[in-house]
Structures are given as C-alpha cells and as structure tokens.
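> Residue strings, one per chain:
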Amino acid sequence: MRRPSGWHLVLIPLAILMGLPLIWMVITSLSSIADTRRFPPGLPSSLHFANYVHAWTLSPFARWLWNSTLVSVTCVVSNLVLCSLAGYAFARLRFPGSRIAFFGILATLMVPFQVVMIPTLLIVKHLGLVDTLPALVAPNLATPFGIYLLRQFFVTLPVELEEAALIDGAGRLRILRSILLPLMGPPLTTVAVLTFLTVWNDFLWPLVVISTPDRFTVQLGLATFQSAHFVQWPLLMAGTVISQLPVLALFVAGQRFFVSSIANTGIK
Amino acid sequence: MITPSVLLIGLFGLVPVVWAFILSFQHNDLQTQPTWAGFGNYREMFADPTFRDSVKNTVIYTVLFVPITLALSLLAAAALNRKIRGITVYRVAVFIPVVTSTVATGVIFTWLLDPEFGLVNSVITKIGLPRLGFFADPHQALYAVVVMTVWGWVGFGALIYLAGLQGVPRDLVEAALIDGCSKRGAFWRIQVPLMRPVSGFLLVWLTINALQLFDEVFVTTKGGPLHATTVVVYYLYLQAFSFFHAGYAAAIAVFLFVVIAVITFVQLRLTRDSSMSGERP
Amino acid sequence: MGAVSGRRRRRGTAAMATLILMGGVAAACSSGSGSDGGTTITVSHGYTAVEARAIKAEAAQWNKMHPDTKVNLVFNGGNDSALQKTVAGFQAGNYPDVAYEYGSSAAQLAKQPKLIDLTDKVKSAAMNWNDFYPSEREAATVNGKVVGVPALVDNLALVYNKKLFQQAGVALPTSSWSWQDFRTAAKKLTDPSTHTYGWAYINDGSEDTVWRFIAMLWQAGGDLLTPDNSKPAFDNKAGLAALTQLYNMAVVDKSVYLDTGNDNYGNLFNSGKIAMLWTGPWDLSSINSDVEYGVTYLPGYNGDHETISGPDLYMLFDHSAGRSDTAFKFASWLTSPKVHLQFAIKTGDLPLRQSETKLPAYQTFLKKYPAEKLFVNNLNNVKHVRPNIANYAEVSTAVGQMVQSVLLGQAQPAAALKSGAAQVASALAGS
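Listed in order, the protein sequences are those of chains A, B and C. Just add 49 to the spot in the first sequence (first one is 1) and you have this note's numbering. Just add 922 to the spot in the second sequence (first one is 1) and you have this note's numbering. Just add 112 to the spot in the third sequence (first one is 1) and you have this note's numbering.
Mixed in with the good hints there might be a few duds.
Claimed, not checked - In the DSS-like style, the derived pairs of lysine-lysine whose C-alpha atoms are separated by at most 25 Å in a straight line are:
no., chain 1, residue 1, chain 2, residue 2
1, A, Lys174, C, Lys226
2, B, Lys1048, C, Lys366
3, C, Lys480, C, Lys441
4, C, Lys470, C, Lys458
5, C, Lys233, C, Lys300
6, C, Lys275, C, Lys257
7, C, Lys233, C, Lys182
8, C, Lys275, C, Lys182
9, C, Lys223, A, Lys174
Keep in mind the hints are simulated off the structure, nothing from the lab.
Extracted from the complex, chain A is given alone in its bound form (with noise of 0.2 Å):
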C-alpha cells in the first residue's frame, strides 16, 4: 500500500484558497434575500434550494444557456480548425509578408475592446447582423491568441516528422491531418477552453449588439437579476453557479484529455 503522498498537504490548502469564490457562490445561491443582506456573510438557516428553480424559470434561462452554448461551441470549432490552419502555416510556410502579417495579428490583441467597440458594432451592421447570434460569433471566429499558441506549438516541434512525407510528396494539409494531429492535443485542448470561455463570459459585446431578449446570452440574461440598486443575490448566485457548470465540465474532460494525449505521443 503506498503511503499518501505529502504533497496534499499543499494541495489542499491551495485548492480551498483557489475554490473559495466557488463555495461563496454555492452558499450564497442557497441562501434567502434576507441571508444575503447581512454583512458579514454567514451560513444561511436553511438550504433554499428553489433559488435554482426560481433561477430557471423566472426567466428563459434554458434559452440563453442555449444562446451561449451554441454561440461558445461554434467559435470553438472554427477556431481549431482555422488558427491550426494558420499556426501551421505562420510555422512552416515561407511566404512574403508572413513576419508582418504574424506580427498584424499580433497587434490586435494590443488595443483594448473598448476602443474597437464601436467600429466592430459598425462592421456587424454592414453586414446586416445586428441582434443576430452570428453577430457573436463572427468576431470570434479565428482569435489572433489561438493563431499564436499554434504557431508557437509548431515551431517547437521537430521538423523531422514531416520531412519523410514531404519528400514522399505529400501535401502540407495531408500531413497536418496525418501526422500532427495526433500531437496537437495539449494546444487544442487549451485553445478550445479558453475560446469557450472568452466567448462564454463576454458581456460587453452582447451588450452592445443584442436586443432582443430571446437572443440574450447567460451573461446578458444575468444582468436582468441585477439593477441600480438593488441586486438579487441568491439568483443571481444561482445562475452563476449553473452558468459556470459547463466550462468546469469543460475543463475537466480537456484536462484529462491533455495528459492522455500526452502520454501517447510518440516523440523520440
């Protein structure tokens, strides 16, 4: 029988300081109104756990999870496809123009949201998409990070493994498919999560370019359980807590995901 290992001496310590905002939020969704006004916080007298019903269909809560998810994994998919597209390409295409073209992409993420709001909200009404859900996914679809991570993903992958198909003649997407692919777990795994989760948390863009309430995002649709003065704690908790479910659920699969890919790559 092996001995527990020591190191959950400072893992538990830091999964509890790390997890704390998770069980304040748990706690506080369970509580009454009246709990939640108190200061300081404590443990509420009874478990109100109709603050998740209340949460669901005091509002069409199902509808934007629907909304977000469909939006969140839409952008995901067209991000793994097209920044390992162009990754690659940034990696081991020679083409004039590719170090300022890298570096164009690059600067994007140099200016602030804010700034490109209003242009952005004009390029979506150019295009006839305003308070439309492709509106939300358009600006999204290929993130300059995701091309980054990739890029740098593939320059430190020996050029090796390729050069054998390449003087069989095969050609470049053949050889991404085939041969990179299966390597690409640890950087598509981590695109994937955090393209979800930028896309799944942003508030300020279905702000600015959602109207209707149908249409509305889980962020945009929690905002409805605040106001000026007075914010709903508990359902406001509630439907954080279950808003924040599916990126956790989706950390967890990528996660294991990543050290079993890992595991099985077959760099020598």
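Based on the hints, put chains B and C in the right spot on chain A.
This is chains B and C only, laid out in the frame that chain A set:
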C-alpha cells in the same frame, strides 16, 4: 491555408484598430459631427496629470503582476504534476478562479478585504498585525488589485506550464536522476529551461493582459480611491463612455498600443531561441 | 511542384469555405429587428424583479388597448449600461423609440440629432406638464429644451435603526434636527468594540459620493456652479461648512462607515452595525423585516432641511413620424396620473405627479408603503437641482475626488475646496 483567418482578423481586428487610429485625431463625442483635432488629443494627453498617474499605476501593476504570476504558476504546475490520488480535483480547483466571473471575484475580494469586517483583517489582527485598508486605502489599493488578479490568473499559467512540463521527455529527467541529480535539481536545471518557449509565451500573454487591466478595477475600486487604481484602460473607458471624449480616448489607446507593441517585440527577441524564427525551407 | 499546386488548391478551398460560411450566415440571419416601417415601437428599460413585472403588465395593457400601435419592451442590460448601449446603438442604427435613462445622462443625450424635442408637445393640456414635481421638470430640461418625460423621482432622507437608538439611550431623530444634533447622535451611536457606526457614507468617488455633499451645500446656502454654469461656486463659506461637517464626523469623531462601493452599507444596516443612512425609497425594500426603522427629513443647517432629488427620464428618439407619435402617446399614457399610480402601488416608486396624491388609490399606496409618506412630503423640500450640462460627469468626478479626499483624511477641507474648485474650473473650461 491562412486566408480565412487572415480575412477575418483583418476585418474584425485590423479595421477597427485603423478606425480607432483615425478617431484619435478627432474631437468626437460619438453623437454629433466630429471635428478635426490634429495632434491636439496627444498634446492634451501628455499634459494630463491623471493620464500620467494612470501610466504610473499601470507600470507598477504590470511589474508586480507578471513575475509573481509566472513564478506562482510554475510552482503550482510543479505541485500539480503528480500522479497522486485526487489530482484531477486539485487541478480543477486551481482552475476555478479563471472560470469565475469577474463580478463574483470582485464581490468576494471586496468582502474578504473589507477593512472593518473582512476575513483577512480579522485573521491578521488576531495574530497581532495592524489592520490594513486594502481597497479603501489609496496607498494599498493597487497592491490589493495585484493580489486579486494574481489569484485569478495563476490557474491559467499553471495549466500552460503543466502542459509544458508534461511535454518534456521523461527519459531526460530519468537520465539526470540516474546521474545523481536530485528531483529538485532536475526540475530547475532540465525541465524549466526546456520550457523556455512556454515561459516566453506566458510572459508575452500576461504582459499584454496586465497592461490592459480593466475588468477587475471596474468591479471593485472603479479607479479609486483618489485615482490610486486608475489604470490606462480604465481611464480610457472613463473618457470615452462617461465623458464622451472618444477622440481623446482613442489617442490613449494608440499610445497604449505602441507601448505594448514595443514591449512585446522586445520580449519576443529576448526569449527567442533558434526555434522561434519560424522560417523553414 | 505537386506541393505548390496542392497548396494553392487548399488555399482556394479554404477561401471558398469562408465565403460560403459568411454568405450563409448573412442569409440565415433574421430580417432584423427594429425595422423602419411598421408601427410597433421599442421601449428599452432597466427594470428588474418587481418593477419588471409591473412594466410588462403596463405594456400588455397598452397593447390590448392599441393593437395596431404595439409596444415591444426590451431590457437594456441594466440601467448602469443604458447610456453606453444607447450611444452605441445610434452608431449601428439600432436604437429604441423610448429609452429609460438616468437624469444625469439627459444633457449628454440632448446632443443626439435623433432625439425628439418635446418642448411644444408637453405644453398640451392633456400632458399637464406642471403637474410633475419641479425637480423632474428641471431634470427633463436642457438649455430650455424639454428632452424627456419624467420616469422616476426620488430624494434623500434620514433612515435610522430604532433599536440602536434605544440601546444607546439616544433620542430618536426629528424633522428639526440640526447638523450638530446629527453629529452628536452619530458619535454616541458609534462603538468601535462592536464595530458599530453612527452613519454610513458611500465613498467610491462617484455621484453617490457627490450628491449627498450637494444636499449639505445647498442647505448651507451654497451651490455647485454659478447660475450660468460656467464656474464653480462652492469654494466659499457654504462649501467649507459642508466639508468641515464631513471631516469632523469621519476623521475626528470616526463615526462614519465609509463604503468603498454601494453594496455593503445596506447589508450592514440590516445587521445592526449602522445606525443612520441618508438614502432614498429604493433602499426600503432591501431592509430586512426584523429591522425596525424610521424615516425623517435630513438634518438641517440653520433650519434649512433641503434635500436633493435624482429624477430619471424616458427619452424619445425618432425613427418615423408614425413611430414618434406612438412613442409620445405611450410615454404620456405611462406617466399619466392613474396609470402611474397603479405602477407605484405595485413597485413602491414615488408618485410622479402631485395629482396622484389626490387620487383615492393613493391611500392604498400609503397603506402598502407607510415609510414612503415622508419621502413624498420630502419632495416639497427639493428646491434646487443639479446642473444639467453635458460635461456634468467631469464636474462630478472632480467633486467626488474632493469629498473622498476629505473623508479619507487625506486633505483638509479648505485645501480640498481650493483644489476641487480648480479641477471643476478646468473641466468646465476644457471640453
């Protein structure tokens, strides 16, 4: 191969940036007809004491946030890179702050760090330390924001470093151990140096984000008290959407862009190794 | 050779795919909302919870009565984001017909070319413009132009925890309390050992920090700006008196809890940690049922118990003649005496019109919200309004910094006044 991404980023990324650049030369309140300002906004910017403060605050913040987060992420990744029972739970727990919405993070830290009733002060006063003001004290607020954001980002850094650590070939480490190297020695002398590209990536990414800090300030201190936590992007937002000096805000954004571009370029050069040039026949 | 043509083919396919994707996306998008024709109008608002249900009921009532000029309610993401969303909306051609906006946004939106000037429309007998309380009419007027219809009115009064007073053996506040009475009571009610404070003040540097100070400034006979709104007018005896009172209470007596946001003070009041608040009717519904509280006028200076009001507006924007007409009809209907009283009874909002207090249903309102009686009477204590200028936000920020620096003990009142006035002067001069 790259055309679709380039087109998309060109449209949604570069076009707005160019628009913002043009806007910086205008007096524009987003409502009425804009007028030409030439370099007026830029001159005003350099003479503006609040702007200078915001730059100072942003620099202090970045210089603290980036190295601390890098170091703690590395250590966390090392702690999480084990095959012990329950490791998935720990990994998920460490990642929770990254997933938590900024609103929830802001509320939690405002409570934890409340000078009167917060948990942190009740603990430190019990062990005899003086009570701290945190978000309420103009001299401490920025550091409290550093703590809050480091907490929020360590999970992300740990995830990236974890992937990096697991990408280091096992046999290299084993060979070192056989040669008499300690586990800790192997970590610092073999694994960490091999992760230079990962560190480089994180350095650039964290710096770009630190220089653009906004959300966390917005949900806690709103730039205060007394502008102690007013960072560049927060000041820009205030100018654009509270005061409606959109042209001025754009000038600030252009300045920030130039600074970030220069810093990123320098960082990429410094952390470059032969595999970074990316050009292959 | 094979590789080159292969690459070109791949690039071509990818480009095609993107174009198809974008085309498909554009085609699949709905025909768009907020189309220019038609007679349905869009009304954006930030109401939540009880108020949201009430406004939905009102809209449903209207829609039943007017099936060919329907109203479509849209949530604006929260009133704090309303101004931003409206302004962004103009850029995209995606703006509502009627928008609920904070009174402080009025001057900014007054510049909007699409705004409907209501100056002549409100003169109609049916509108009975003078029936609205004076502070609302002033908030709705920018440079002589009427830019909106009042949507909400409130004011600041003194709300106190009866039990804490009894426990400390301090006499309950009265409507004739002076600043000195207030200060003395707060000091007696403060107990560091139990973390109890006499008063709470929102000290985040925002308008919340500013408008309480302004009430004191007015009581002391001063004003924020000169009558022509061109220069600061608070660097004088009145300003000094107000700032000194704040300094004495916060820094000398240490009887004030300084809230860095606007969340904690309410919760602390509910937990019996704060004895007195200067707040409005919006906070009453957040007070827990186990807290026995009272409401009285603000403490006064030399007998002046003036208070401050923060009216919000429905602002109307032009799409087409038909829609503008419907928009005005709807806004007038919504704010007409009987309809608004119905809304007030459901939500606890104060009556907008003096005539509402004469309607029989007003008794129902008073019975449901007994504490609000004083707030309604307090509306008569509103004598001044804040300057309705486009760059009020900058003035407010400067004054907020000034008040914050005094409360935090970082500046003495006289020095803070000087630098605050200088900041306001430069904000007014620039722009």
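> Taken at face value, is the distance from the CA of Lys174 (chain A) to the CA of Lys223 (chain C) at most 25 Å?
Cα-Cα ~23 Å, so holds.
> Given the hint that Lys174 (chain A) pairs with Lys226 (chain C), test it: the Cα-Cα distance must not exceed 25 Å.
holds (18 Å)
> When you check the alpha-carbon spacing of Lys275 (chain C) and Lys257 (chain C), does it fall within 25 Å?
Given pair Lys275 (chain C), Lys257 (chain C) is violated - Cα atoms ~48 Å apart, limit 25 Å.
> Check the hint pairing Lys275 (chain C) with Lys182 (chain C) against an upper bound of 25 Å on the C-alpha distance.
violated (51 Å)
> What's the verdict on Lys1048 (chain B) and Lys366 (chain C), does the C-alpha distance respect the 25 Å limit or exceed it?
With a Cα-Cα distance of about 22 Å, the restraint between Lys1048 (chain B) and Lys366 (chain C) holds, given a limit of 25 Å.
> For the pair supplied as a hint, Lys233 (chain C) and Lys300 (chain C), confirm whether the alpha-carbon distance does not exceed 25 Å.
violated (54 Å)
> Are the Cα positions of Lys470 (chain C) and Lys458 (chain C) separated by 25 Å at most?
holds (18 Å)
> Starting from Lys480 (chain C), check that the Cα of Lys441 (chain C) is at most 25 Å away, please.
violated (30 Å)
> Taking only the CA atoms, is the gap from Lys233 (chain C) to Lys182 (chain C) under or equal to 25 Å?
At roughly 21 Å apart (the allowed maximum being 25 Å), Lys182 (chain C) and Lys233 (chain C) satisfy the hint.
Taken one by one, the earlier hints fail for this structure at numbers 3, 5, 6 and 8, listed in ascending order.
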